[in-house]
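S.K.: Given these sequences and hints, build the entire structure.
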Amino acid sequence: MLLTTEDVKKIAYLARLGIENHDLDSYTKDLSNMLDLMTRMNELDTEGVQAMAHPLDQVQRLRSDLITETEQREHFQAIAPQVEDGLYLVPKVIE
Amino acid sequence: MYNKTIKELAQGLRSGEYSSVELTRHFLARIKQYQHLNAYITVTEEMALRAAEVADARIADGDATLLTGIPIAQKDIFCTLGVKTSCGSKMLDNFIAPYNATVVEKLDQAGAVMLGKLNMDEFAMGSSNENSYYGAVKNPWNTTAVPGGSSGGSAVAVAAGLTVCATGTDTGGSIRQPAAFCGITGLKPTYGRVSRYGMIAYASSLDQGGPMARSAEDAAVLLQVMAGFDQKDSTSVEYPVPDYLAELNKPLEGLKIGLPTEFFGDGLSANIAADLDNAMNAYRRLGAEIIELSMPTLKLAIPAYYVIASAECSSNLSRFDGVRYGYRCAYPADLTDLYIRSRGEAFGKEVKRRILMGTYALSAGYYDAYYLKAQKIRRLISDDFKSALSKVDVIMSPVTPTNAFGIGEKTADPIQMYLEDLYTIAINLAGLPAMSIPAGFSADKNGSPAMPVGLQIIAIILPKPGY
Chain A
1 MLLTTEDVKK IAYLARLGIE NHDLDSYTKD LSNMLDLMTR MNELDTEGVQ AMAHPLDQVQ
61 RLRSDLITET EQREHFQAIA PQVEDGLYLV PKVIE
Chain B
1 MYNKTIKELA QGLRSGEYSS VELTRHFLAR IKQYQHLNAY ITVTEEMALR AAEVADARIA
61 DGDATLLTGI PIAQKDIFCT LGVKTSCGSK MLDNFIAPYN ATVVEKLDQA GAVMLGKLNM
121 DEFAMGSSNE NSYYGAVKNP WNTTAVPGGS SGGSAVAVAA GLTVCATGTD TGGSIRQPAA
181 FCGITGLKPT YGRVSRYGMI AYASSLDQGG PMARSAEDAA VLLQVMAGFD QKDSTSVEYP
241 VPDYLAELNK PLEGLKIGLP TEFFGDGLSA NIAADLDNAM NAYRRLGAEI IELSMPTLKL
301 AIPAYYVIAS AECSSNLSRF DGVRYGYRCA YPADLTDLYI RSRGEAFGKE VKRRILMGTY
361 ALSAGYYDAY YLKAQKIRRL ISDDFKSALS KVDVIMSPVT PTNAFGIGEK TADPIQMYLE
421 DLYTIAINLA GLPAMSIPAG FSADKNGSPA MPVGLQIIAI ILPKPGY
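Chains as they are written, first to last, in the working numbering: chain A, 1 to 95; chain B, 1 to 467.
Derived by calculation from the structure, the hints in this document are not laboratory data.
All residues carry an ideal CB built from backbone N, CA and C; glycine is no exception.
One or more hints might be untrue.
Sample of chain B residues at the chain A side, in silico, Cβ under 7 Å [what the hints assert, rightly or not]:
1) Y191
2) L338
3) R341
4) G344
5) M357
6) T359
7) R378
8) G406
9) G408
10) K410
11) Q416
M.R.: Here it is as structure tokens:
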């Protein structure tokens, strides 16, 4: 296997993604198989090839620096898990 | 009424044969009758009936488009103001979209009547519609088979007459593969042709919305409204939108059709190869010329795609953090615990696999080996298509290697599922337009039921003048 369960734990933490302990082995196996599939890319020499980020090679468009959005705080916060006085609430970060 | 075309229905609405309210009720009743197919996540009955009343008034006033009063349905990946937009995930099960996607806005303005939101693989990741938080969708031709994915609900709703037409999205085949499995027409437009504003992002450099319908004509009517430049989408292309209906009945005399030998080799079911052979003979009789091509980089499309799509997915889905909207775990101990548990409890297995894979591919020390390498292969695949399409007008190929497989048949091994997308994925990497059209009905094994077979047509980005 290309990855260990320790690797998967580390990746999951980087992604802030909870994985149940009893699922670790199956993720390790699946991810190792995925990596194995991906290493097939090495069959092709890509020396000197320019990477392609956008299928039409477009560049980022610019727009005039004008205010286009209106203030909709209440509207957007209506679907938030927890708000108070117009602010999003999360557990205390600074003691 | 459920098997009429948009043009026929528009005629019926104008002649007063039926009203949009009657038409809408007809489809709402069918949705209830065929609930076991699980095509819809949300049915917006009241909204639909109100929209139908408005449409009837518009038709009476002579202020109607072809789509005015026509029942349609939206894949649940498009944000719909005031309506749950789940993206097939527990993460967004409580998400009432605060705005409309551009596609939704445009179809509303055209007067189309939205019946509801369609089932899909969670965050559009899947090829069978088995990854939905709302359960698997069933293929109407054989309810023990998958409809394909990720736009499985869209394909089923169209095929079973639970809507006239539907929207879908396609990142690696998610419109074309379910269209093929369900025997309908599905078009993935050129990347950037249809606005991605309000379309929940999976892999931003590959995602594209498009129409799913029962005929090329219906797909053209729908695309006509969906397509066009949008200031709100930074990757939207500023190409003029042609009159798609006017392009439909061009003769095929002299059309050069390329067949990549790589797409007709090992792994393709004999029944699909035979159906496509029949289709090629039909094109020959219509005066087209068939030319064999070789595109050697195609075999690397799957690994390159899964690197790029996973990387972009891990980045896009980092926005679901349990803070501003969506699922939040109970009693978080601290902020990190809130992130980890909210995401861990609300994402399904396939989504987690791709987030993990993408996080790994983008992490320090691996970027060049995976993401950069994949982007370079993407260039080579795109060049391969450009060179092939300089010799022919269109490329044709199978859409899927096999008929629709059984529900549960491929869930144990994700790699097997990825290989399903063999013929569709390279097109997204190159950003090309491609569609799946019905090309036959055949059984892949003795004793199995005959199932729909699709044919893929791949074209260049801008139409070459007068082929």
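S.K.: For each hint given before, does the structure comply? Return the numbers of the non-compliant ones in rising order.
M.R.: Those not satisfied are hints 8, 9, 10, 11.
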